[in-house]
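K.L.:
Could you build all of it, start to finish, from the sequences and the hints given here?
Protein sequence lines, in the order shown, are assigned to chains A and B.
Position 56 (the first sequence) corresponds to 43 in my numbering; numbering is contiguous.
Position 19 (the second sequence) corresponds to 35 in my numbering; numbering is contiguous.
Read the hints as simulated data drawn from the structure, not as lab findings.
Honestly, I wouldn't trust all of these hints.
As the list claims (entries may be wrong) - So the derived list for chain A, only partly shown, Cβ under 7 Å to chain B, looks like this:
{"no.": "1", "residue": "Ala252"}
{"no.": "2", "residue": "Leu265"}
{"no.": "3", "residue": "Ala312"}
{"no.": "4", "residue": "Arg445"}
What the hints assert, rightly or not - In silico DMTMM-like pairs for lysine to aspartate or glutamate, Cα to Cα no more than 20 Å straight-line:
{"no.": "5", "chain 1": "A", "residue 1": "Lys16", "chain 2": "A", "residue 2": "Glu44"}
{"no.": "6", "chain 1": "A", "residue 1": "Lys275", "chain 2": "A", "residue 2": "Asp405"}
{"no.": "7", "chain 1": "B", "residue 1": "Lys37", "chain 2": "B", "residue 2": "Glu68"}
{"no.": "8", "chain 1": "A", "residue 1": "Lys487", "chain 2": "A", "residue 2": "Asp405"}
{"no.": "9", "chain 1": "A", "residue 1": "Lys268", "chain 2": "B", "residue 2": "Asp91"}
{"no.": "10", "chain 1": "A", "residue 1": "Lys16", "chain 2": "A", "residue 2": "Glu67"}
{"no.": "11", "chain 1": "A", "residue 1": "Lys268", "chain 2": "B", "residue 2": "Asp136"}
{"no.": "12", "chain 1": "B", "residue 1": "Lys179", "chain 2": "B", "residue 2": "Asp124"}
{"no.": "13", "chain 1": "A", "residue 1": "Lys16", "chain 2": "A", "residue 2": "Glu80"}
{"no.": "14", "chain 1": "A", "residue 1": "Lys428", "chain 2": "A", "residue 2": "Glu387"}
{"no.": "15", "chain 1": "A", "residue 1": "Lys268", "chain 2": "B", "residue 2": "Glu46"}
{"no.": "16", "chain 1": "B", "residue 1": "Lys179", "chain 2": "B", "residue 2": "Asp159"}
{"no.": "17", "chain 1": "B", "residue 1": "Lys179", "chain 2": "B", "residue 2": "Glu142"}
{"no.": "18", "chain 1": "A", "residue 1": "Lys428", "chain 2": "B", "residue 2": "Asp159"}
{"no.": "19", "chain 1": "A", "residue 1": "Lys268", "chain 2": "B", "residue 2": "Asp81"}
{"no.": "20", "chain 1": "B", "residue 1": "Lys37", "chain 2": "B", "residue 2": "Glu66"}
{"no.": "21", "chain 1": "A", "residue 1": "Lys268", "chain 2": "B", "residue 2": "Glu40"}
{"no.": "22", "chain 1": "A", "residue 1": "Lys131", "chain 2": "A", "residue 2": "Glu387"}
Said to hold, decoys possible - Residues from chain B that keep clear of chain A, each with C-beta distances beyond 12 Å, as calculated:
{"no.": "23", "residue": "Thr34"}
{"no.": "24", "residue": "Asp81"}
{"no.": "25", "residue": "Arg99"}
{"no.": "26", "residue": "Lys103"}
{"no.": "27", "residue": "Arg106"}
{"no.": "28", "residue": "Glu108"}
{"no.": "29", "residue": "Ile128"}
Glycine is no exception: its CB is placed at the ideal position from the N, C-alpha and C atoms.
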Amino acid sequence: MKVFVARDAAALAVGADRVAAAIAAEAEKRQQHVTLVRTGTRGMLWLEPLIEVATPEGRVGYGPVTPADVPSLFDAGFLEGRPHPRRAGQVEELPFFKRQTRLIFARAGLANPLSLSDYRILGGLHGLDRALTLGPEQIVAEVKRSGLRGRGGAGFPTGIKWESAARAQAARKYIVCNADEGDSGTFADRILMEGDPFTVIEGMLIAAIAVGATRGFIYIRSEYPHAIRAMASAIEIARREGILGPHAAGSNYAFDIEIRVGAGAYICGEETSLLESLEGKRGMVRAKPPLPVVSGLFGQPTVINNLVTFSSVPFILAQGGQAYADMGVGRSRGTMPVQLAGNVRHGGVFECAFGVTLGELVNEIGGGTASGRPVRAVQAGGPLGAYLPPALFDTPYDYEAFAAHEGLIGHGGLVVFDDTVNLARMARFAMEFCAHESCGKCTPCRIGSRRGVEVLDRILAGRDREQNIALLGELCETLRYGSLCALGGLVPYPVLSALKHFPEDFGLAVLPSVAAAV
Amino acid sequence: MSSSLRRNPSRRNFDEITARKIIEAALGHEGPLLPILHALQEAFGCVPREAEPLIASTLNLTRADVHGVVTFYHDFHRAPAGRHVLKLCRAEACQSMGSEANARRLLDALGIDWGGTTADGSLTVEPVYCLGLCATSPSALLDGEPLGRVGAEQLEALAAEAKR
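P.N.:
Below, the structure is given as structure tokens:
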């Protein structure tokens, strides 16, 4: 009998290894033959440690399981999917799972993520096969047709980026995968690297063929030791199996990938700062233009995309750009892995087509708060995203609808807060974080964020509140229009949205005019 | 909880031969400085100041350039950490689950501040801004092992175990 237990860092963090060991020990004690398969996570993290067994009706899950539950699971006959208080049901029939459209995460949690043969059986490498028959120009055309936009935050059309890089003339071009997933409330990159690393490799290789690049880098943050190990093993296997190398997948294209580990700087998630870091420099933001597609890594044309962007490409090539574009709304096509995080009952990765409302995501899919208290605010799009109140929960999840409310899709994170949160303190944290992580190149961000902390401290202490709030408004304007990159440029969003939607936390009875303009 | 914690890697004293070997082993990389700094920290528990001129001369950089890179990144330390390193997440998702109060309680109990090491050298507590474990908050990393849904009591138990 096969028993599936995730080896994802989030599952390990809540005891998956101890549960797996308990299952092995109990099976031996009972002289029952059990094969443990360590998988990625399905993304339903509130159920972790989740154990699954294959039954004729499909895989049945039990979770969250503790080692103490294991003997009773055997007694109850969990190997046959029988009832037990921890039985969650058929995994793929759970509402959280069933309501998803899993393209990027189609394989996550199903099998051993480091088995290339499993990857193939589960539909992997079909995109690559088709890319090889299409050739560079048609690959770019498919990606353009898909309407895919960069999933790192900026939402730039991927096909157009690739087209520019393909046109650039250079002796050497680079593919850089941004896996410096620093936004709080995001973990899609991490789960993919741990749960389906070959998808990342396949997406990068397709990009390399499209633009004529020979070298690839994956820049992974140091806070992700498990993802680094999984990705390194997958690259090693891909090299051994000839997917990477001088004749990538048996073709005449040469491509190889090297992993680079970050060093704890949030700013290195910004693409030009990341390139500086790869070159061995301080992660200082570059002025644009020139864009990386013209002059990127070591001054060469470079396609730098987010890991989720690359991982969306195998589906697009396998099924065609149109199949991808058929999902979504407006100019937000395809699927997005929404990451429900923080004080949320059902936290995890929920991949769906754009267009679902924020309220559906938080209340129906996320099930409200973990604490059981009322939801007060949701921070969408990471530390630089706005705090949105339940009054805006009818906002559809798409780039333009969010932008209309000064919100950010970003990398897809949603952090839920209950009614114990103080939004003035969160606004202060946003400024403090910006000050901590500023690269220091431009004055508004380097100095403005420090002044922002001070101004908010005065507001929190109730000193000259009206004047300080006016000052905060001016400071935010300077940051927004005067900063070189998104760190300083976007930090006004969490600050001013907190002020706009939650003025009472700032000691104000009415909405101040500086925030009304946001 | 595991009965014996894994120790923080090595804390060897600086020696030039080892440092030079590490630097030279990384020269095959394009842009080798970050891999070199990571490898030095792995070997010595920190990036020793004495290594900076060696790196500078090998990579044909100024000492100021190298020093600038070492000090830019939060990961690189100038002195080795304690025998165990506990990284506590302070980012928004963990805050929504009460991480700040837990951390304050632990730091007060240990008598240290963020980045500090206990007087007996057993434990360093460092802030980290997101571990990507945001649906199992509050999160921590103890000697590289992830921990989720960590309450204040569990933190204190871990600290007590680290002291043994």
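K.L.:
All the hints need checking, so say for each whether the structure fits it.
P.N.:
Taking the hints in turn, this is what the structure says about them:
Of the supplied interface hints, the one on Ala252/A holds, with its beta-carbon coming within about 5 Å of a beta-carbon of chain B, less than 7 Å. With a least beta-carbon distance of about 5 Å to chain B, the hint placing Leu265/A at the interface is held under the 7 Å criterion. At about 30 Å, the closest approach between the beta carbon of Ala312/A and any beta carbon in chain B exceeds 7 Å, and the interface hint on this residue is violated. Against a cut-off of 7 Å between C-beta atoms, the interface hint on Arg445/A is violated, since the closest Cβ of chain B lies about 21 Å away.
At roughly 28 Å between alpha-carbon atoms, Lys16/A and Glu44/A are farther apart than 20 Å, so this suggested pair is violated. Distance check on the hinted pair: Lys275/A and Asp405/A sit about 40 Å apart at the alpha-carbon level, beyond 20 Å; violated. At roughly 14 Å between alpha-carbon atoms, Lys37/B and Glu68/B fall within 20 Å of each other, so this suggested pair holds. Taken as a hint, the Lys487/A and Asp405/A pair is honoured in the structure, with Cα atoms around 18 Å apart against an allowance of 20 Å.
Proposed proximity of Lys268/A and Asp91/B is supported: the alpha carbons are some 14 Å apart, at most 20 Å. For the hint linking Lys16/A to Glu67/A, the alpha-carbon distance of about 18 Å falls within 20 Å, and the restraint holds. Annotation: proposed proximity of Lys268/A to Asp136/B is violated, straight-line Cα distance about 36 Å (limit 20 Å). Taking the CA atoms of Lys179/B and Asp124/B, the gap is about 16 Å. The hint holds against a cut of 20 Å.
Between Lys16/A and Glu80/A the CA atoms are separated by roughly 33 Å; this puts the pair beyond 20 Å, and the hint is violated. Proximity of Lys428/A to Glu387/A is assessed by CA-CA distance (about 30 Å); at most 20 Å being required, the pair is judged violated. Under the criterion of a C-alpha separation no larger than 20 Å, the hint pairing Lys268/A with Glu46/B is consistent with the structure, at around 12 Å. Using a Cα cut-off of 20 Å, the hinted pair Lys179/B and Asp159/B holds, with the two alpha carbons roughly 14 Å apart.
For a cut-off of 20 Å, the pair hint linking Lys179/B to Glu142/B stands: about 17 Å separates their Cα positions. Taking the CA atoms of Lys428/A and Asp159/B, the gap is near 33 Å; set against the 20 Å cutoff, the hint is violated. Among the hinted pairs, Lys268/A with Asp81/B is consistent with the structure: their alpha-carbon atoms are about 8 Å apart, no more than 20 Å. Only pairs whose Cα atoms come within 20 Å are accepted, and Lys37/B paired with Glu66/B is accepted, the gap being roughly 14 Å.
Restraint check for Lys268/A and Glu40/B: satisfied, since their Cα atoms lie roughly 18 Å apart, inside the 20 Å limit. Of the pairs offered as hints, the one joining Lys131/A and Glu387/A holds, with about 19 Å between alpha carbons and a cut-off of 20 Å not exceeded. Listed as outside the interface, Thr34/B is consistent with that label: its C-beta sits roughly 20 Å from the nearest C-beta of chain A, beyond the 12 Å cut-off. At roughly 8 Å from the closest C-beta of chain A, the C-beta of Asp81/B falls inside 12 Å, breaking its exclusion from the interface.
With a least beta-carbon separation of about 19 Å from chain A, Arg99/B lies farther than 12 Å from that chain, consistent with its non-interface assignment. Non-interface status of Lys103/B relative to chain A is broken: a Cβ of that chain comes within 12 Å, the nearest being about 8 Å off. With 12 Å as the threshold on Cβ separation, the claim that Arg106/B sits away from chain A is violated: the shortest Cβ distance comes to roughly 9 Å. At roughly 4 Å from the closest C-beta of chain A, the C-beta of Glu108/B falls inside 12 Å, breaking its exclusion from the interface.
Taking the minimum C-beta to C-beta distance to chain A, about 19 Å, the non-interface status of Ile128/B holds against the 12 Å cut.
In summary, the structure is inconsistent with hints 3, 4, 5, 6, 11, 13, 14, 18, 24, 26, 27, 28 from the numbered list given earlier, while agreeing with the others.
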